[in-house]
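Going by our numbering, the sequence shown opens with residue 1, and the numbers climb by one from there.
Bear in mind the hints are in silico, worked out from the structure with no lab data behind them.
Do not take every clue at face value.
What the hints assert, rightly or not - Under the rule of at most 27 angstroms between Cα atoms (straight-line distance), these lysine-lysine pairs were calculated in the DSS-like manner:
| no. | residue 1 | residue 2 |
| --- | --- | --- |
| 1 | 565 | 17 |
| 2 | 626 | 464 |
| 3 | 695 | 659 |
| 4 | 659 | 458 |
| 5 | 42 | 103 |
| 6 | 103 | 148 |
| 7 | 495 | 458 |
| 8 | 153 | 98 |
| 9 | 17 | 42 |
| 10 | 659 | 601 |
| 11 | 148 | 160 |
| 12 | 458 | 575 |
| 13 | 42 | 179 |
| 14 | 160 | 197 |
| 15 | 77 | 103 |
| 16 | 98 | 179 |
| 17 | 103 | 464 |
| 18 | 108 | 659 |
| 19 | 179 | 160 |
| 20 | 254 | 77 |
| 21 | 565 | 458 |
| 22 | 565 | 592 |
| 23 | 464 | 108 |
| 24 | 626 | 108 |
| 25 | 42 | 661 |
| 26 | 464 | 661 |
| 27 | 179 | 153 |
| 28 | 149 | 103 |
| 29 | 98 | 160 |
| 30 | 495 | 592 |
| 31 | 661 | 695 |
| 32 | 247 | 219 |
| 33 | 592 | 575 |
| 34 | 179 | 103 |
| 35 | 149 | 160 |
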Amino acid sequence: MLKNHLLSIYRNLKRNKGYAAINIIGLAIGFAAATLISVYVKSEFTYDEHYANHDRIYRLSANNFALSSIAHLNQVKEYSPLVEEVVNLMPNPSATIKTAADKSLVIKDFFYTTEGYNTVFEQDYVLGNAETSLSVPNGLILTESMAKKLFGKANPVGQKVSVSTQIAQNDFQVTGVIKDLPSNVSLPFSALGRLPKDFQNTYQYSFSFTTGYSYLFTKENVTEEQLKMAVEEAMLPIDHSRYGEGKPMDEFKKTYQSGLLVMPLRDVHLNSNIQFESSEPGNANYLYVFLSIAVFVILLAAINYVNLSTAQASKRAKEIGIRSVLGSFRNQLISRFIAESVLIALTAVLIGFGLAEAALQLLQGGGFAHFDANITEFPQLVAVVFSVAVLTGFAAGIYPAFYLTNFKPSAVLKGDFNTGGKSKSFRNGLVIFQFAVSLSLAIFAVFIGQQLHFSMQKDLGFDKTNVLMIDNTKGQLGESAEAFRNELLKNAEIKEVGFSHYELTGLAFNVIIENGVDNPQSQRIQYKYTDTHYAETMGMELVAGRFLSDELDDEAMLVNETLAKNLGGDVLGRKFNAGVNGSNVEVVGVVKDFHYEDFRKAIGPVAFYYSPIHSLISVKFSGDIKQATETTATVFGQFTQEPFDYRLFERSFDQLFDKEKQMGQVINLFTGLAVFVAILGLIGLVTYTLDQRIKEIGIRKVLGASVSQILGLLSKEMLALIGISFLVAIPLAFLAASQWMNEFVYHINIGFAPFVLVGGVAAILILTVVAARSLTAATANPVKSLRSE
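Construct the entire structure; sequences and hints are all you get.
This is the structure:
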């Protein structure tokens with residue numbers, strides 16, 4: 001019996017190759033696309049969950065930036081019985097690692113750590129072990145890939161290396177090798193060394209020196225609220241002694257807030273978007289958009305399948321009649337049709353998994369870390385997709401199974417039956433829904449593209465192009481920074497050289513209070529240390545006053561327009577107490593507002609303090625990038641033997657908009673797939689319509705209808721359906737675009753152009769598909785279609 005069923009299914013598919021191909025390909029693409037999106041989304045939602053006991057790990061930071069001090073950790077550990085262990089991890093913008101064999105690497109993901117790391121974060125050790133790897137003062141942990149880069153196939157444990165960073169140059173001993181960290185980790189590193197003891201001792205009681213990222217490992221069954229209260233209680237006596245100003249403890253406690261943020265490790269990636277995060281934060285809203293797209297892509301593919309299956313069902317009415325006459329019971333016919341439909345859907349899902357796996361391998365090869373997986377690692381996802389396939393097959397088989405088997409065999413075999421207009425209305429409704437979703441996605445994709453273009457082209461308040469950033473955090477140039485600048489400027493392609501403390505997008509916070517006025521108000525600002533050439537190097541526009549000057553300035557600052565406005569407008573010559581940045585800092589100039597964060601955040605009050613710190617060297621050049629880089633590297637090599645570590649500022653700055661780029665790429669890709677699936681369905685539906693109306697077309701030709709008239713007749717119905725779909729898509733796309741734009745302080749206006757563009761392209765595309773598929777029927781000899789009448 002089973003063999004007979006399978007043979008019958010095979011013959012039916014063979015008879016209708018075109019329909020079968022459209023059904024299977026459409027479903028397979030839908031399942032593959034949804035699987036890929038789900039893999040990515042799951043990776044984002046499960047950040048840091050590979051750590052054992054990750055639910056007991058919390059990050060301790062300031063309220064507005066992700067760092068805190070070793071002193072905070074020590075205080076909390078000492079005074080809170082809820083905390084079992086603490087660890088502080090200090091990032092380094094650049095570290096140079098040298099082996100005994102004189103092999104040298106510059107890396108950006110080297111961290112210093114305090115001793116408690118292995119208790120808080122359990123790693124999978126390949127060589128060495130968690131008990132001893134950081135128990136020695138100069139212990140160094142490497143990932144497998146970093147160990148291979150430094151030592152090849154040799155055992156690195158016990159090997160000595162020299163590590164130069166912004167705080168020290170120390171000798172380390174490799175004490176452990178761990179497996180490479182997964183892509184979905186919020187604190188990625190390739191090398192982890194014990195924080196130098198002298199540095200740790202110097203700052204262990206300094207609450208104002210934020211060394212790095214701090215983590216608390218709690219005892220079991222401690223809630224987030226309990227831990228927050230414990231942190232407040234632990235910090236209360238310290239902050240009372242620092243800020244109490246003689247107030248009794250009870251009075252101080254009434255309004256006390258520690259200014260510290262306690263956040264579960266699992267929430268850091270998606271729910272924290274404060275300054276100086278250790279990795280690019282995610283966006284939960286985007287993930288929900290991606291999930292919606294996955295659902296819609298599967299839904300569109302399923303609609304195609306159901307639509308074409310119900311459309312074809314009436315062609316099989318005589319088959320049902322014959323089988324009934326030959327003795328088949330109705331329940332047998334029902335199970336037969338449902339089984340056939342489910343089997344096709346399951347075939348499509350297997351092909352879809354194959355396509356998804358192939359795509360994952362390609363994406364991995366292309367450097368997309370979040371897709372470093374295979375389908376078998378997601379059994380729950382596989383189960384869900386298989387369930388969807390079964391439901392889709394069941395839904396597609398319901399109509400022929402129950403509706404057509406209800407007709408009397410005698411009426412069916414005489415041709416005296418009518419499937420009615422209900423099925424056609426149902427199919428038309430599905431087509432409208434399908435294209436409404438596809439067109440909404442297409443319009444939304446155009447808006448995303450426009451916003452991204454706006455981000456890349458908007459006046460930033462400075463010139464981001466043709467700027468090299470050279471790392472000098474390790475003091476590679478020593479006392480020769482000015483000599484390097486002077487030598488470099490002798491080259492015609494080098495226009496200006498400026499020094500600063502880190503790059504423009506990394507601004508710290510400070511509070512300034514005006515001197516010499518009654519009841520001065522504090523002003524919270526962001527700031528950067530620069531020399532006298534930095535603002536000009538970055539192409540900033542002076543609005544009032546002058547730039548910083550070596551000869552004239554000791555305690556001085558440039559401010560942006562926003563800060564000047566906050567201070568009342570006329571700021572030149574006014575002096576401020578800026579705490580550690582100077583007690584009598586004079587405003588000497590005002591520069592045009594400039595962007596230093598993505599467009600979700602408004603430009604805030606900013607000051608440039610004059611300081612001779614040379615941790616980052618910015619080189620403005622003209623002409624060819626390669627030539628300018630080679631020239632700069634050559635001059636750099638005249639002053640130091642350290643590696644020339646540089647990057648382009650433009651590329652670094654554009655990373656602020658990576659989220660929009662990523663979303664745009666995903667939306668474009670899966671919008672294309674959704675439209676492709678919809679077009680496949682349209683082709684199938686047009687083919688079915690032609691099959692149903694072939695005799696009508698023949699009669700019209702005999703009566704004198706032209707080819708263009710017939711094409712117009714066939715196109716009119718489809719255009720009407722697409723027109724209704726477009727009208728439904730307009731408010732959906734407008735609502736989606738409006739909500740997305742609300743995330744941005746600076747964004748484009750929602751205009752008519754995307755709607756007109758997508759509507760026009762859709763109309764042309766639909767006409768092309770209908771005309772191409774209908775032309776054969778319209779030009780065919782009517783005798784062939786009418787010979788059986």
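Those earlier numbered hints the structure runs against, lowest number first = 1, 3, 5, 9, 12, 15, 17, 31 and 32
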